[in-house]
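Asker: Chains A and B are the protein sequences, given in the same order.
Each residue of the first sequence is one higher than the one before, counting from 5 in my numbering.
Each residue of the second sequence is one higher than the one before, counting from 13 in my numbering.
One thing to keep in mind: the hints can contain errors.
Said to hold, decoys possible - Interface residues of chain A toward chain B, partial, derived using beta-carbon atoms under 7 Å:
1. 339
2. 341
3. 342
Claimed, not checked - Okay, derived cross-link-like pairs now, SDA-like style, lysine to any residue, Cα gap no bigger than 25 Å in a straight line:
4. B/78 - A/359
5. A/388 - B/46
6. B/141 - B/73
7. A/12 - B/141
8. A/361 - B/141
9. B/78 - B/59
10. A/388 - B/141
11. A/361 - B/131
12. B/78 - A/309
13. A/361 - A/341
14. B/78 - A/367
15. B/78 - A/358
As the list claims (entries may be wrong) - If we take Cβ atoms under 10 Å as the criterion, some of the chain B residues that face chain A in the derived model are:
16. 24
17. 27
18. 39
19. 89
20. 90
21. 93
22. 100
23. 102
24. 124
25. 128
26. 131
27. 134
28. 141
29. 142
30. 145
Derived by calculation from the structure, the hints in this document are not laboratory data.
Just so you know, even glycine gets a beta-carbon here, dropped at the ideal spot from N, CA and C.
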Amino acid sequence: MLHLERLKADIDTLSLMAAERQQQRESDTAKALRWLAEAPAPAELRARLAPLASGEQDWAGALPTTDMPLDARLVTVADPPPGAVLIAADGSQVYPDSHAAVPYYLLQIGGLAFHYDGSRPTPYSCESLHFRDDELYDAQGYLISNEQVGKQRLVREMAYLAELTVLERQLAPDAPLMVLTDGPLLWPYVERSRADFLALEAYLEALSAIRQAGGLPAGYVARPGGRTLVELLWASRLTSAEIPGRLAENPLRQLTDAALMAHFLQPGERSAWFSRPTATNQRQAGHGHEIWFCYVNVGDAHTPVIARLEVPRWGAADTDAITTLHAVLLHQAHVLNGYPYALARAHEEALVTTTDKAALDSEIQRRILEQGIVVRPSEKAQQKAYLGRR
Amino acid sequence: MADQDRTITIGNVLRADIRGFVVASRLPEPDVPTFGTFVRAPIQQGQADLIGLVYNITLQDDPFLKNLAVTVVEDDPRYTEIIRDQQENRAIPVEIAVVAVGYRDASGYHYGLPPQPPMILHRITVCRKDEVRDFTAVPDFLRTLLDNRDVPADELIPTALQRAARLRPEALREDFLLDAGRYLAHALGRDPVRLERILRRLI
């Protein structure tokens, strides 16, 4: 039970801090918008920031990738072209639980192929149950972490998207085909082991398969965190001699890219392309899949909704494909007030509900019991289940 | 209406007692069973099947649709695919209430309350046509309904009888309904008003 009355003072402080931050953010935003308008040409910036481009420096900023000014705002007036296809996928999982009757983890990927031709969209889903020792335990014999399961899910999602891309390409050989995933396209994990290396390799192979099938992969990051663009703007105010020495002195501490873009982009507009010079992105570049990103405002005049859109460099270079993707995302997000419809439906197809999990646990226990073996959750898990029903 | 030629699993038991149970289901609209559908649920560790009739269907709150309802316009071509997805694909979260009318074990069909309710999370299936024909071969399954004041029995009985009649060759339908009518007349001999109400709905 939570004693709210004991937290009253903390809640008051929190709300006061939120108000102070809001005031600071507004002042920072005004400054950042000025810096954006005054930023040097991209070529000059890239030359100035060349020492950071290798990914070896610990810099959280982004680099401009084209010769488009940093304050470019791009619009698309067209509706999604007839015949275009959007494939969206999302995943969910049941994490391994050492207190469960039987340890396992489950991955389920849901998808939706949305054809702009008036036809019924096609829902897809697949699931996999992982219960073997080499899947569940690491080299030290510990149950694998939730992060490891997350990596496997990400690989499975991209591999499934590759399968669906091949399938949909057969159905529509000439259609623009966009392949959308919920989250970044840039691999978000740090490589710590051979298993991590293999996971990233498999992920990149799936990206290559999508490219080979003529699909344009895109990562849709809703309500993006991070301040890579704000860091770039600060770097744009420094001289070559001050880089990298003063990079850590960015005074715009309260400002995120999303907050800045909410003031900068009009509804329907997107920004120029940027790229993060991280070691992971360098590695992806080595496989032909360097990731570029832009921001897009999929909200309306009253409520800006900023998303970060990530695509491979080879996809960003295809202007027609990007224009189509832009139009498709605006249509998709308009339907659900700021979130792509196809992604929401993919999530729904992927979702493993508590009822689903209970049914799976029940079936596993029943089948094991048929083998004459009695298994049950730990006492702790049982007690938590009772309390959780309150 | 669900196609009773094939077996459709409609969901898991959410709560149950000896007189009936409620199923949580997520099915596309065409597969949602209708009022009066015959369903079965495993009981007694799978040694028997409870037979029941759907008597209530409750659509649960769906936040997804709330968002869509604000923007989507039915005749606007920009939303054609979305409307088709919602109507033809999307699983609708529903609760389906079922009243028990009998059960089947190794020795055949029995009419009345089952010895045990189905256990929570057991899967519920729409009965096949042949199962409905066999179960309704005698009108005794109506007895439990007549005695049950918690379900809309006077609506449910004619619906179930008409459904069972349609599964028989046309030449046999009238006899089937006459048999059922005689059974009801006997059972409701002291309640002619109720009898008339049910029979009028049966015609």
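Asker: None of the hints should be skipped; say for each whether it holds.
Answerer: Status of the hints after comparison with the structure:
Annotation: interface hint on residue 339 of chain A holds; nearest CB of chain B at approximately 6 Å, less than 7 Å. Taking 7 Å as the C-beta contact cut-off toward chain B, the hint placing residue 341 of chain A at the interface holds, the least distance being around 6 Å. Below 7 Å, beta-carbon pairs count as interface contacts, and residue 342 of chain A has none with chain B, the closest being about 9 Å; its hint is therefore violated. This hinted pair checks out: residue 78 of chain B and residue 359 of chain A have alpha carbons roughly 23 Å apart, not beyond 25 Å.
Restraint check for residue 388 of chain A and residue 46 of chain B: the C-alpha separation of about 38 Å exceeds 25 Å, so the hint is violated. A distance of roughly 32 Å separates the Cα atoms of residue 141 of chain B and residue 73 of chain B; the hinted pair therefore is violated under the 25 Å criterion. Proposed proximity of residue 12 of chain A and residue 141 of chain B is contradicted: the alpha carbons are some 63 Å apart, above 25 Å. Of the supplied pair hints, the one linking residue 361 of chain A and residue 141 of chain B is violated, its CA atoms being roughly 32 Å apart against a limit of 25 Å.
Our distance criterion of 25 Å between C-alpha atoms is broken by residue 78 of chain B and residue 59 of chain B, whose separation comes to about 43 Å. For the hint pairing residue 388 of chain A with residue 141 of chain B, the CA-to-CA distance comes to about 44 Å; that exceeds 25 Å, so the pair is violated. About 16 Å separates the Cα atoms of residue 361 of chain A and residue 131 of chain B, which keeps this hinted pair within 25 Å; it holds. Using a Cα cut-off of 25 Å, the hinted pair residue 78 of chain B and residue 309 of chain A holds, with the two alpha carbons roughly 19 Å apart.
Taking the CA atoms of residue 361 of chain A and residue 341 of chain A, the gap is about 31 Å. The hint is violated against a cut of 25 Å. For the suggested pair residue 78 of chain B and residue 367 of chain A, the alpha carbons sit about 34 Å apart, so the restraint of at most 25 Å is broken. The suggested pairing of residue 78 of chain B with residue 358 of chain A holds, with an alpha-carbon distance near 23 Å, which does not exceed 25 Å. Checking residue 24 of chain B against chain A: minimum C-beta separation of about 6 Å stays under 10 Å; hint holds.
Residue-level restraint check for residue 27 of chain B is violated (minimum Cβ-Cβ distance to chain A is 12 Å; threshold 10 Å). The interface hint given for residue 39 of chain B is broken, as the beta carbon of that residue sits about 13 Å from the closest beta carbon of chain A, more than 10 Å. At a threshold of 10 Å, the smallest CB-CB gap from residue 89 of chain B to chain A is about 7 Å, leaving the interface hint in force. Interface hint at residue 90 of chain B: satisfied, since its Cβ lies 7 Å from the closest Cβ of chain A, which is below the 10 Å cut-off.
The interface hint given for residue 93 of chain B holds, since its Cβ lies 6 Å from the closest Cβ of chain A, which is under the 10 Å cut-off. Among the interface hints, the one on residue 100 of chain B holds; its C-beta lies about 5 Å from the nearest C-beta in chain A, closer than the 10 Å criterion. For residue 102 of chain B, the interface hint holds, the least distance from its beta-carbon to any beta-carbon of chain A being 7 Å, beneath 10 Å. Restraint check, residue 124 of chain B versus chain A: the minimum CB separation of about 28 Å is more than 10 Å; hint violated.
Using the Cβ-Cβ criterion of 10 Å, the hint placing residue 128 of chain B at the interface with chain A is not satisfied: the shortest such distance is roughly 16 Å. The restraint placing residue 131 of chain B at the interface with chain A holds, with a minimum CB-CB distance near 9 Å, inside the 10 Å limit. Annotation: residue 134 of chain B was flagged as interfacial toward chain A, and the flag holds, the nearest CB pair being 9 Å apart, inside 10 Å. Contact between residue 141 of chain B and chain A, as hinted, is not supported at the beta carbon level, the nearest pair being about 27 Å apart and thus beyond 10 Å.
Among the interface hints, the one on residue 142 of chain B is violated; its C-beta lies about 27 Å from the nearest C-beta in chain A, farther than the 10 Å criterion. A cut of 10 Å between beta carbons decides the hint on residue 145 of chain B: the least distance to chain A is about 31 Å, and the hint is violated.
The structure shown violates the earlier hints numbered 3, 5, 6, 7, 8, 9, 10, 13, 14, 17, 18, 24, 25, 28, 29 and 30.
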